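Visitor: Modelling step: build the complete structure from the supplied sequences, incorporating the hints.
So the protein lines, in turn, are chains L and H.
For the first sequence, this note's numbering assigns the number 146 to the initial residue and increments by one for each residue that follows.
For the second sequence, this note's numbering assigns the number 124 to the initial residue and increments by one for each residue that follows.
By construction, these hints were calculated from the structure, which means they are not laboratory data.
You may find that some hints are simply not true.
Said to hold, decoys possible - If you only want the chain H side, here are some residues facing chain L, beta carbon under 7 Å, derived:
(1) 204
(2) 331
(3) 333
Claimed, not checked - Listed next, the stretches of chain H that the computed footprint assigns to chain L, with coverage defined by at least 3 CB atoms under 8 Å from CB atoms of chain L:
(4) 178 to 192
(5) 238 to 246
(6) 303 to 314
(7) 335 to 342
Claimed, not checked - Output of the computed footprint for chain H on chain L, the stretches with three or more beta carbons under 8 Å from beta carbons of chain H:
(8) 207 to 215
(9) 229 to 243
(10) 270 to 284
(11) 301 to 309
Computed from a prediction, not measured in an experiment: that's the story for all the values here.
Every residue gets a Cβ at the ideal spot worked out from N, C-alpha and C, and that includes glycine.
Letter by letter, the chains look like this.
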Amino acid sequence: MVIESLWQWSPALVVGFAQNILISLVAIAIGSLLGLLIGALGLSPLRILRLPARLWVQLFRNAPWLVLIYFTTYVFPFEIHIGSTYLPFPDWLKVTVGLALPASANVAEIFRGAIGSIPGTQWEAARSLAFSRGQLFRSIILPQCFKRMLPPWMNLYAVITMGTALASLVGVHDLIDTAQIASNTVNRTGFTVLIYFSVLALFFAYCYPISRLTQRLERRYAFY
Amino acid sequence: METFVQWAAHLGLNYRFLLDAYQRGSLIDGAWTTLLLCVLTIIGSLLAGITLAAMLTSENKALSRPARVFIEVTRNTPTLVQLYCAFLVLNMLLTQAVGAANPLTPFAWVVIVISLHKGAFHAEALRAGIEAVPAVTMEAASSLAFSRRQLLWNVQLPLALRFALPSLVNNLIDLVKMTAVASAIAVGDITYASIMIWTQSDNVLELMILMLSFFGILSFIVNCVGRALEARLRMPGYGH
Numbered sequence: 146m147v148i149e150s151l152w153q154w155s156p157a158l159v160v161g162f163a164q165n166i167l168i169s170l171v172a173i174a175i176g177s178l179l180g181l182l183i184g185a186l187g188l189s190p191l192r193i194l195r196l197p198a199r200l201w202v203q204l205f206r207n208a209p210w211l212v213l214i215y216f217t218t219y220v221f222p223f224e225i226h227i228g229s230t231y232l233p234f235p236d237w238l239k240v241t242v243g244l245a246l247p248a249s250a251n252v253a254e255i256f257r258g259a260i261g262s263i264p265g266t267q268w269e270a271a272r273s274l275a276f277s278r279g280q281l282f283r284s285i286i287l288p289q290c291f292k293r294m295l296p297p298w299m300n301l302y303a304v305i306t307m308g309t310a311l312a313s314l315v316g317v318h319d320l321i322d323t324a325q326i327a328s329n330t331v332n333r334t335g336f337t338v339l340i341y342f343s344v345l346a347l348f349f350a351y352c353y354p355i356s357r358l359t360q361r362l363e364r365r366y367a368f369y
Numbered sequence: 124m125e126t127f128v129q130w131a132a133h134l135g136l137n138y139r140f141l142l143d144a145y146q147r148g149s150l151i152d153g154a155w156t157t158l159l160l161c162v163l164t165i166i167g168s169l170l171a172g173i174t175l176a177a178m179l180t181s182e183n184k185a186l187s188r189p190a191r192v193f194i195e196v197t198r199n200t201p202t203l204v205q206l207y208c209a210f211l212v213l214n215m216l217l218t219q220a221v222g223a224a225n226p227l228t229p230f231a232w233v234v235i236v237i238s239l240h241k242g243a244f245h246a247e248a249l250r251a252g253i254e255a256v257p258a259v260t261m262e263a264a265s266s267l268a269f270s271r272r273q274l275l276w277n278v279q280l281p282l283a284l285r286f287a288l289p290s291l292v293n294n295l296i297d298l299v300k301m302t303a304v305a306s307a308i309a310v311g312d313i314t315y316a317s318i319m320i321w322t323q324s325d326n327v328l329e330l331m332i333l334m335l336s337f338f339g340i341l342s343f344i345v346n347c348v349g350r351a352l353e354a355r356l357r358m359p360g361y362g363h
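Guide: Okay, structure coming up:
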């Protein structure tokens with residue numbers, strides 16, 4: 146009986162989880178692009194460019210994610226006025242932006258860490274071969290960085306996916322929201338137990354392989 | 124206070140709720156609740172972390188396997204879902220079992236869930252610390268006829284703690300930020316108090332600034348205490 150209702154609700158749960166995954170993918174995409182830009186600014190020799198980057202990273206790494214999500218949800222308008230057309234700005238997109246902000250700060254830090262982890266000899270060797278600064282970054286430092294950034298970046302993605310659970314608190318119709326509706330509709334003890342633990346299981350099934358893969362990559366890149 | 128509100132009004136920020144005794148009171152109560160939540164969960168998470176780390180590093184499979192499973196599940200699922208599983212499911216079952224005598228308030232559930240959640244992260248940091256103690260140090264100590272217990276308390280754990288301290292402090296800063304999820308089950312922390320205020324007076328931005336500074340100060344304090352502890356525990360030859 147309880148299993149039957151879970152089976153009935155499972156399509157709705159899958160749709161809800163798809164919403165979570167969509168939010169996480171868009172958030173990591175925006176976060177990565179923005180984060181690399183900010184990370185690059187943070188490396189600039191000009192203080193005036195470095196300072197805003199540091200500030201951005203400090204601000205968004207130290208703010209609770211939930212507070213940032215509330216911030217983007219309530220402060221941003223519900224539609225954007227471009228020229229004469231109104232583009233809707235749905236709640237899920239606001240949550241995505243709310244997650245992309247801390248993601249960008251973390252990506253910037255991962256980038257900075259990766260650059261810092263390249264041995265100083267690599268820089269010196271490249272300079273002694275008369276590479277320009279641009280060439281040095283493009284053909285020596287960055288290719289080594291991206292390999293080192295991959296494991297922490299994947300870890301960040303898993304954390305963001307788990308962060309999408311917060312979307313339900315600002316009224317996005319995601320997996321947890323669906324589970325709450327289902328549990329209130331069916332209103333049976335056994336079903337409530339089952340549905341919340343299936344939510345847990347779904348998140349675990351998605352995030353655990355990512356974390357395993359991260360550990361494998363970390364071990365593989367550990368020596369060289 | 125008045126001058127601050129007027130000064131903020133010049134900048135276009137509406138801080139008038141600070142003059143209202145009720146709203147100011149609820150915000151201050153919220154701040155205290157968050158502070159209490161932080162202190163209790165920091166203690167609870169450290170205790171949970173030490174217990175889990177002891178289980179993890181034990182030779183006994185019956186202890187280390189459950190700890191490993193618990194940690195993997197905790198690290199790979201959202202805190203909010205864990206909180207719901209605890210508060211909406213376990214709490215419901217408990218209430219059905221013992222009726223109105225259920226001793227656990229939402230506040231207690233948040234403390235338990237966040238303690239266990241961060242405890243899992245602490246345990247991993249401590250395990251890494253224990254494994255980072257060089258084997259030669261342990262061999263040297265055992266060649267000096269240290270007993271197993273002495274070896275653990277006088278050599279392995281002091282070193283492990285020092286190795287693990289930076290990541291423990293990092294976890295604790297994360298913990299401070301994580302307490303904001305308490306508002307999801309209507310614990311009256313600062314986030315919840317702010318939501319209550321901005322639903323009435325539509326001043327989200329002002330409250331956000333207040334909340335971000337509050338959490339910023341809290342994590343700054345934890346960071347400073349961590350740095351001070353690191354400096355105090357520093358041993359020549361280990362770390363830098």
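Visitor: All hints are to be evaluated individually against the structure, with a verdict given for each.
Guide: Status of each hint after checking the structure:
| no. | hint | in the structure |
| --- | --- | --- |
| 1 | 204 | holds, 5 Å |
| 2 | 331 | holds, 5 Å |
| 3 | 333 | violated, 10 Å |
| 4 | 178 to 192 | violated (count 0) |
| 5 | 238 to 246 | violated (count 0) |
| 6 | 303 to 314 | holds (count 5) |
| 7 | 335 to 342 | holds (count 4) |
| 8 | 207 to 215 | holds (count 7) |
| 9 | 229 to 243 | violated (count 0) |
| 10 | 270 to 284 | violated (count 0) |
| 11 | 301 to 309 | holds (count 4) |
When each numbered hint is compared with the structure, violations occur for hints 3, 4, 5, 9 and 10.
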